[in-house]
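Novice: Please build the complex by placing chain B with the ligands on the supplied structure of chain A, with the hints as guidance.
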Amino acid sequence: MQDLLQHLINGLSLGSIYALIALGYTMVYGVLQLINFAHSEVYMMGAFAAYYSASALNLEARPGVLSLMILLFVAIFFCSCLGVLIEFLAYRPLRKAPKINVLITAIGVSLFLQYSAQVFFGADPKVFPQVLENTTLFTFFDVPIKSLDLSVFVVTLVSMILLYLFIFFTKYGKALRAVSCQIQVAPLMGISVNRMISLTFVLGSSLAGVGSVLVGLKYPKIEPLMGLLFGMKAFVAAVLGGIGNIPGAVIGGLLMGLSEEMVVAYLSSTYRDALAFGLLIFILIFKPTGILGKNSAEKV
Amino acid sequence: MIHPALEVTDLKVYYGFVHAVKGVTFSVAPGEIVSLIGANGAGKTSLLRAVSGMVQSSGQIILDGLSLDGIAAHKRVQLGLGHSPEGRGVFQTLTVLENLQMGAFLQTNSKKIRDKLDYCYDLFPKLRERAKQLSGTLSGGEQQMVAISRALMSFPKLLILDEPSLGLAPKIVQQIFSIIQKLNADGMTILLVEQNASQALKISHRAHVLETGLITLQGSGSELLSNDLVRQSYLGL
Ligand SMILES: Nc1ncnc2c1ncn2[C@@H]1O[C@H](COP(=O)(O)OP(=O)(O)OP(=O)(O)O)[C@@H](O)[C@H]1O
Ligand SMILES: [Mg+2]
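Line by line, the protein sequences give chains A and B. Just so you know, the first sequence maps onto residues 1 to 300 in the numbering used here. Just so you know, the second sequence maps onto residues 1001 to 1237 in the numbering used here.
Don't read these hints as lab results, they were simulated from the structure. Errors might be hidden in some of the hints.
[To be verified] Just a sample of chain B residues kept apart from chain A, beta carbon distances all over 12 Å, derived:
hint : residue
1    : T1009
2    : H1019
3    : F1026
4    : G1065
5    : K1111
6    : D1122
7    : S1198
8    : L1214
9    : G1219
[Stated by the list, open to error] The list that follows gives simulated cross-link-like pairs (lysine-lysine, BS3-like), each with its CA atoms no further than 27 Å apart:
hint : chain 1 : residue 1 : chain 2 : residue 2
10   : B       : K1157     : A       : K171
11   : B       : K1022     : A       : K96
12   : A       : K171      : B       : K1116
13   : B       : K1182     : B       : K1116
14   : B       : K1171     : B       : K1111
15   : A       : K171      : B       : K1132
16   : B       : K1182     : B       : K1112
[Claimed, not checked] For the chain B half of the interface with chain A, some residues (derived, Cβ under 8 Å), not all of them:
hint : residue
17   : V1077
18   : P1085
19   : Q1092
20   : F1105
21   : L1106
Every residue gets a Cβ at the ideal spot worked out from N, C-alpha and C, and that includes glycine.
So that you can see chain B by itself, here it is in the shape it has in the complex:
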């Protein structure tokens, strides 16, 4: 039997009295790109944080057949979660290489680590050039590359990307989206949150629209791209 890569049921997130996610159910099948789109404050980041254990939540999260209930964030990495957080969260005082090594913190096979490092460097040749540079001195786009590569270094079964294109120049945005597609073609399952809804929907197999903590629409990427509501609210057409 094939498990979904991720199965989220009735997920709720509270921050004190703020009810950020109000009971969300969705799943990601192995090999899919699934995206979540929604306005600012819709609860997208909160949802992703709940999945990787950075915030408390109620409901059920099942990763590759295994319930994550009660499992601390740092232990979820071992189970196959890779998370490139909102705002990139690069370790600024560490070099690019050290950041990537931190991604592989739990890995013990040095040959596998080296191969994965090469894989990341091939995806983003810029990072190979900058390996010894402090990450804090990188441009925003380069820092995003570090964040994605760092998440890849933990050999995730599911890669979570929170707004990878935020604040980047159009050319770099294009590059990031084509890398996401390449990762997927190489077999990576991806859960993507994006402000850039049109790009995200184009590369997604399925997508969900999140509005004030609830999923209000879902469908394949192309269905949502042609949906009138989506076109009006998120694509500005």
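This is chain A alone, in the form it adopts within the complex:
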């Protein structure tokens, strides 16, 4: 019982980070019908931006919530800029090109960033600065609740609530949904599609930035290829929830994290990564639209 509870907490904590990254995939897909393969590298670069700014500001000497906030801010800012830049330089010139060209470009950008990071940061893993002490805050049914897990949970929850409020209750959030719904019609409202696409990349990349810091804290090893597998799993989570569907990405992420944790706990850690690919194959065969897949009912 206690064991199970501990695994549930670990799974939710991991899953909420998958969800953050999955949101970026799903939002871009919702607007551009593009699987932004470079998203996982935005996440990786966010981790390095946080790593270098933490050592520049010597944040490890002053662990605490403020240091965490600073790192989050740095990663959010850096990732947003990178995401917007990628869209502007690589995808926007191909706006009218066939989808497959853009997809290949996305893979190209992803590889470019992976190998540039290896050149500039070195290929060997770096230890992410621990800007938050991992103490036991309290126990819950004999399970110790650690400050790190709680921070991960609080930060992802706050990020998702903010995203939700923005998308559903602000003018620009509504415009974003409008563009994602009818990209040809949105300009007739005076909405600049290009600006909304940039906004999508800002939002998705910000969440990737948040995710990168949380992963850095929880699994404190970062390296230029760290986005590869993690991004793949987050992408599967987005597909699982129904690509293009925002609540779906959250559900998919949580399910992904939970099932991975359970597989490791009760089967074998050998199957940890096989799970994601197994799931992907399973979904694509049995329910390609995912759990909350878009219903494309159109009235004539």
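Specialist: Leaving out everything else, chain B with the ligands in the frame of chain A:
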């Protein structure tokens, strides 16, 4: 000096090798309802899309004295174009109210927005009832009402309606046409494309017949209604 609300000169639209509009010239005076009728594929929608900047075109488009040359679609809205597109183009995952708010995307005066919203709700009381409902769940007629109201919410000088009666039940068609007349009576200038030629000609001040990308006939609504060619080809008489 009074400008025409819209002045189109030698407008051409190509889609790759398809020459959809082959040099069309016409104008709409302030306060008029002008309609374009023509068979499927005549280029009516392409022409309207060119006016609002959704497709590339050559020739000249002047809106209320201002050339639209090189102005992006989303910037034309600011200059006074309201366009209810073919197929309605309602944002299905947004509520009715949110759709209307998107129509007012560029408006900043919240009192003006509220008044215009009330105006639309008075035109289509159904929409007031359905304000919080997702537009994708509305009937075709209701979605058409959303599309027209959404275009009105941008305070256009010229309202473009592309087949507002398409696929609707006869009773709703009647309602839509009488609303178009009411809008016009309230001072709205309207450019209308319709399959329902007899209804359109009845309420239009002037009309143009478009055939494979060219205007082949023009005149007042009543002139065209009694024109033999029009009666044969478009009114089925
Ligand atoms: N996006 C497009 N790409 C290629 N050809 C197009 C495109 N849109 C329209 N066309 C072609 O341009 C011509 C004019 O089409 P358009 O939609 O303007 O006609 P329409 O008069 O509105 O017809 P309808 O009454 O059926 O709506 C047609 O031959 C059509 O096949
Ligand atoms: Mg048409």
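Novice: Verify this label for me: H1019(B) is non-interface relative to chain A, using a Cβ-Cβ cutoff of 12 Å.
Specialist: Check passes; 20 Å lies beyond 12 Å.
Novice: Within 27 Å, alpha carbon to alpha carbon, are K1022(B) and K96(A)?
Specialist: At roughly 24 Å apart (the allowed maximum being 27 Å), K96(A) and K1022(B) satisfy the hint.
Novice: Can we confirm that no CB of chain A comes within 12 Å of the CB of D1122(B)?
Specialist: Per Cβ check, D1122(B) is outside 12 Å of chain A; nearest 22 Å; holds.
Novice: Is the hinted pair K1157(B) and K171(A) satisfied, with a Cα-Cα distance of at most 27 Å?
Specialist: 24 Å, holds
Novice: May I ask you to test the interface hint for F1105(B) with respect to chain A, counting a Cβ-Cβ separation under 8 Å as satisfied?
Specialist: 5 Å, holds
Novice: Decide if the proposed pair is consistent with the structure: K171(A) and K1132(B), CA atoms, cutoff 27 Å inclusive.
Specialist: Measuring from Cα to Cα gives roughly 16 Å; hence the hint holds.
Novice: Less than 8 Å between beta-carbons is the criterion; does L1106(B) satisfy it with respect to chain A?
Specialist: 4 Å, holds
Novice: Report holds or violated for the interface hint on Q1092(B), using the least CB-CB distance to chain A and a cut-off of 8 Å.
Specialist: With Cβ-Cβ at 6 Å, under 8 Å, it holds.
Novice: Does the interface hint hold: is P1085(B) within less than 8 Å of chain A, judged Cβ to Cβ?
Specialist: This hint holds: P1085(B) lies near chain A, its Cβ roughly 6 Å from the closest one there, short of 8 Å.
Novice: Regarding the assertion that G1219(B) does not contact chain A, is the least Cβ-Cβ distance greater than 12 Å?
Specialist: 30 Å, holds
Novice: Does the structure keep K1171(B) and K1111(B) at a Cα separation of 27 Å or less?
Specialist: 34 Å, violated
Novice: For the pair we were handed, K171(A) and K1116(B), check the Cα-Cα distance against 27 Å.
Specialist: 17 Å, holds
Of the hints listed earlier, the one the structure fails to meet is number 14.
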